[in-house]
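These protein sequences, in sequence, are chains A, B and C.
The opening position of the first sequence corresponds to residue 19 in the numbering used here, with each subsequent residue numbered one higher.
The opening position of the second sequence corresponds to residue -14 in the numbering used here, with each subsequent residue numbered one higher.
The opening position of the third sequence corresponds to residue 22 in the numbering used here, with each subsequent residue numbered one higher.
Careful: at least some of the hints might be erroneous.
Residues of chain A clear of chain B, computed beta-carbon distances all greater than 12 Å [what the hints assert, rightly or not]:
id: 1; residue: L70
id: 2; residue: T74
id: 3; residue: A104
id: 4; residue: Q159
id: 5; residue: L259
id: 6; residue: P289
id: 7; residue: R328
Just some of the chain A residues that point at chain C, by a computed CB distance under 8 Å [to be verified]:
id: 8; residue: P262
id: 9; residue: F263
id: 10; residue: S266
id: 11; residue: A267
id: 12; residue: R268
id: 13; residue: G273
id: 14; residue: R284
id: 15; residue: P360
Okay, the calculated bits of chain B under chain A, using three or more residues with CB under 8 Å as the criterion [what the hints assert, rightly or not]:
id: 16; region: 98 to 109
id: 17; region: 112 to 126
Just so you know, these hints were derived from the structure itself, not from any lab.
Think of the CB as a built atom: it goes at the ideal place given N, C-alpha and C, for glycine as much as any other residue.
Listed here are the chains, written in short residue letters.
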Amino acid sequence: MSATAPTTTPVAPPTEALAVDASPANPWGRARLLVALRRVVGRVVAAVLVLLGAATVVFLAQTLLPGDRATLLLNLRSGEAVERTAAELAPINEQYGFDDPLAVQYATYVGGLLRGDLGVSYQRHAPVAEVIGGQLWPTAQLALGALAAAWVLALVSVVVTAGRRSRAVTAAGSGAEALAASVPHYWLGVILLVVLAVNLQWFPVMGGTSPAATVLPVLTLAVPLAGFLGQATRDEFDRVLEQPFVTSARARGMGDTGVRLRHVLRHAVLPAITLSGWALGALLSGAVIVESVFSRPGLGQVLVAAVDARDVPVVAGVVMFVAAVYVVANVLVDLAYTLVDPRRRS
Amino acid sequence: MTTQTHAPAARRAPRLVPSLGVVVPATLVGAFVLAAVAPSVLAPGDPTAIDLEAAFLPPSTEHLLGTDQSGRDLWTRVVHGTRHSLLIGLGATGVALAIAAVLGFAAGLGGRLVDRVVGSLIEVSFAFPTMLLALLLVAVRGPSPSTLVLAVGIGSAPGYARMIRGQVLAVRQEAYVEAALALGHRRRDVVVRHVLPNAMRPLVAVVTLGISQSVVWASGLAFLGMGVAPPSPEWGALLEAGRTYVTFAWWLEVMPGLAIVLLAVSVTALGRAAQRRLEGTDR
Amino acid sequence: MTATPSTALAARPAPGADAGPGAPLLRVENLRVGFTRGGRTTDVVHGISFALEAGRCLAVVGESGSGKSVTARTLVGLTGAGASVTADRLELAGRDLTALRPRQWRAVRGAEVGFVLQDALVSLDQLRTVGNEVGEPLRLHRWGDRHRRARRVLKVLAEVGVPEPGLRARQRPYELSGGLRQRALIATALALDPALVVADEPTTALDVTVQAQVLDLLAQTKERGKAVLLISHDLAVVARLADEVCVMRDGVIVEAGPAEQVLHRPRHPYTRTLVDAVPSEHTRGTRLSSVPVTLASHHGVTARERAGSAAADATVPVLEARGLTKRFRGPDKVDRTVVDGVSFSLGRGRTLGIVGESGSGKTTTARMALAMLTPDAGEVLLDGGPWSSLTSQGRRPLRRRVGVVYQDPLSSFDPRWSVGRVLADAIGRAPARVPDPRARAVELLELVGLGPEHLDRRPLRLSGGQRQRVAIARALAPEPDVVVLDEPVSALDVSVQAQVLDLLGDLQQALGVAYLFISHDLGVIRHMSHDVLVMHGGRVVEHGPADDVLADPQHEYTRGLLAAVPRLTTPGGP
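Isolated chain A (complex conformation) (with noise of 0.2 Å):
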């Protein structure tokens, strides 16, 4: 079998000259290589450009706002509400830069993001990269629990109840992932610590980051994806369902729980794939909501603590730490839908 493979000519048979047979080159032929390559190059290119745009996005939020950016720090530092003298803010403007031109500005600005540095905390004088370090790990395991329960529950739903000749078991299915994603977090949140924390007392009401407190948060954000996701998958599953393909697979003999695990299933993830990289994304801003409800520390309190003092650079950085995340995981996921659909590779 092996010795055959590095034929490049395939030897076709006469019947086959006149047949428009454009044969596929060999699979690893350097052709190919190269147009994954490109691909490649193509993507990190457009990613880095994408993180360049909403650098930009990020740096014109924070330049453009109203009011007096050294006035507002000094105000904030001080707990104050007050007009400032020149002599108090020159040396603030010195130290930050506020007097430079725009373009110099900018180019500081990307200049820190390439080394790691999202700009200085108004309020606590620290780097925002520490703010958000120190933060991070709590509110990663919030997301990254909340996509992976997410995917369970959706996936679960959609292979049980999908495309089954009873009418109530689709409708039973379809029904609670639509109500699933329109359920928003701060009300699911709330039901979920009254009725299993405060009255069956099953989890503590504020647990920290223990894994016992972890797990009402994990589910609230789960919840909502979980429905959305569903419903992606649902409509692929039932359209795969009727493809021809899964009709030669069950006129070969295969039943019905192989047909949907075997075939269906891997062509119906496809566009939960596409979407999970945008739900990484809404994960981490839905965290806000919900660590403010389970008063779990993370970045979403550190955000919403920063929101509320006006504490700009804090919440720029967020953001653009976010939008990083954002990028990457699109590139991953890219690379996830890549392996299950080789048809993206050539």
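Since chain A is already given, all that's left is putting chains B and C on it; use the hints.
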């Protein structure tokens, strides 16, 4: 009166028997609209009437949804808050659509260069989850209802923009567009008569989904204290006000939330029904 | 396995069938199939009977909606949700299929009956390797161990004529050419060496040369002793393979018998209609459909007068192409020449047929002729004047002189518009202002054989044939000199196709309009065209009067193409 309303319905009956999945959400949406237009019909009381004797009463026949820390009737407050919430949702959707229409149509119709520029702009804005973009805007502008509308509107615009762009590009590829050009019609006329109306059609359903989504987002921001300030009966403000008491007065959180969920689910159901109808009759 | 049927039959010999080596493998008597949806039952197959012996091919022929595919699926127990199947007898190798339970059906499918669908691009799972797909029936029926299965897959692929089976088995279906892919699909059905192969339109999406190979493969399968049940809408395909033919219509077999008799001496009028409807070299100048001439003569005359006034100089070709070349940039950033130096000239009131397989560049040529694509080199002239070289502004007033009809009429109508609005829009482009557009629309509908009641309908609510008639009416409304017909009948059933082709012929006679007729179907081209252009790989390989080119082809490609076309030759026919 009754015969008048019955007669046309009876004539139409054999063609479209509305299913339960349409009647229930339609009734609910009707109730919400009534609450927004004429709240006193559903809740004759005063939403700001304080009665400290009746503070933190759980839901009962007298106080359908219970009372808050100042003894105000929650049902009255939820009904009277409908208008604010709906207006914020509509306003945000309007802002989003306005931005999206400009970007989407420019990209879809403006030639390759414009499409490239707008396309990458949309791509970049997808890197900002709606909620975070909204929070950034609140941090910059300070919390207020107009910031809320703007923030949610700008945050949800990229999704619509991408959809409009995709629609326009898809419709431009349709054979009927080429057929119209082959008849010698002006490109501009073909765009106005075929491309725009057909590209906008699926948006009808999407917009209804967008309104409910906007209400949810706006109330989420308010829940974080970034929206309308608490004395207002706006739903998000009710949520924020109730947070402190959630461990013992659950209804203060659950009931306004229920209103939001009911609105979102019923509007979404109607939108989906409309979508199915459009798709069913068209292709 | 082959021993089983004879013993079973010996135990219970069927009346009328002699027990022996040729005893029926498949026996169907009074098969009825109905579907229940929403509490309502619709019967689609009303008591059909047939039998099939090993080493023979039975073809079930019919147009869409005849129930032929449902019949095929019933034979593998996959009739579908809500189906009710009853039969006096439904036996495979003496075994009663009606009594099978789902589990038993799974043991039959793939092992005793192989099922081949049309278009391997959608009938094979694109995400799995060819080897996995071919090996699947082996795995499902627990045939051999891993290594034996792998060897078996290579053997089966080699048997169906897939070169380099080791390489192909590791590729995915989309990486294979159309012909190889269809062979691989057939291999999945043959993997377990089933006694019966059911093939549902196995060559429908394929180019003629590939179709010929697949038909040869099925013929070999038959010669190796398999029973082949062929489902097809295409009588010519059936003629190439079938020993016996059943003609189905509306769930009933209207005629059955030996292929030679059914196809050449049909007894039932419907069979005769079908046979007559097949266009070929013998049908030139004759009518394909039995529908009488619908053209109201006076409309024709007035229209002809209008057209005649424009036709000042009959010697100037109405449409002429000189050295058309078009390149497209592929996803790999490499330019490919899709159309390469194509020239032709189309005389007033004549038909030029462009024939070629997929990828031949015929549709790109048509789009350049329509001036919807600008050629990279070369030029198209309209009535001796510039056409492709004009600015789009300058071309606009001339556009009405070149009409177009597409393969899929439905997508060429704005879904929001009624037939009346579609026609009124086109009438507005006529050279002289039409005083009463609605009356003119009714006149146009009448011209294409439709009544005024269609004016207020949406195209979605019309049948395929009616839609194509409306598309033709729209193309004729601005009184064009030439109409580009891009595969105008490819999506239609053969009897409807016959009516539309007849209509096009009548309209040309009455209106003097010229046709640029694009088709992959040599029979259709031969029936319709005065002149023919054979395209292959973007180039014109042969060009000339239809009779010369197609009766005595000079180029090797044309000869191969003609040889590959399955046809309904009537030995002693006209």
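Cross-check of the supplied hints:
no.: 1; hint: L70; result: violated (9 Å)
no.: 2; hint: T74; result: violated (8 Å)
no.: 3; hint: A104; result: holds (24 Å)
no.: 4; hint: Q159; result: holds (18 Å)
no.: 5; hint: L259; result: holds (19 Å)
no.: 6; hint: P289; result: holds (15 Å)
no.: 7; hint: R328; result: violated (6 Å)
no.: 8; hint: P262; result: holds (4 Å)
no.: 9; hint: F263; result: holds (5 Å)
no.: 10; hint: S266; result: holds (5 Å)
no.: 11; hint: A267; result: holds (7 Å)
no.: 12; hint: R268; result: holds (6 Å)
no.: 13; hint: G273; result: holds (6 Å)
no.: 14; hint: R284; result: holds (5 Å)
no.: 15; hint: P360; result: holds (6 Å)
no.: 16; hint: 98 to 109; result: holds (count 4)
no.: 17; hint: 112 to 126; result: holds (count 14)
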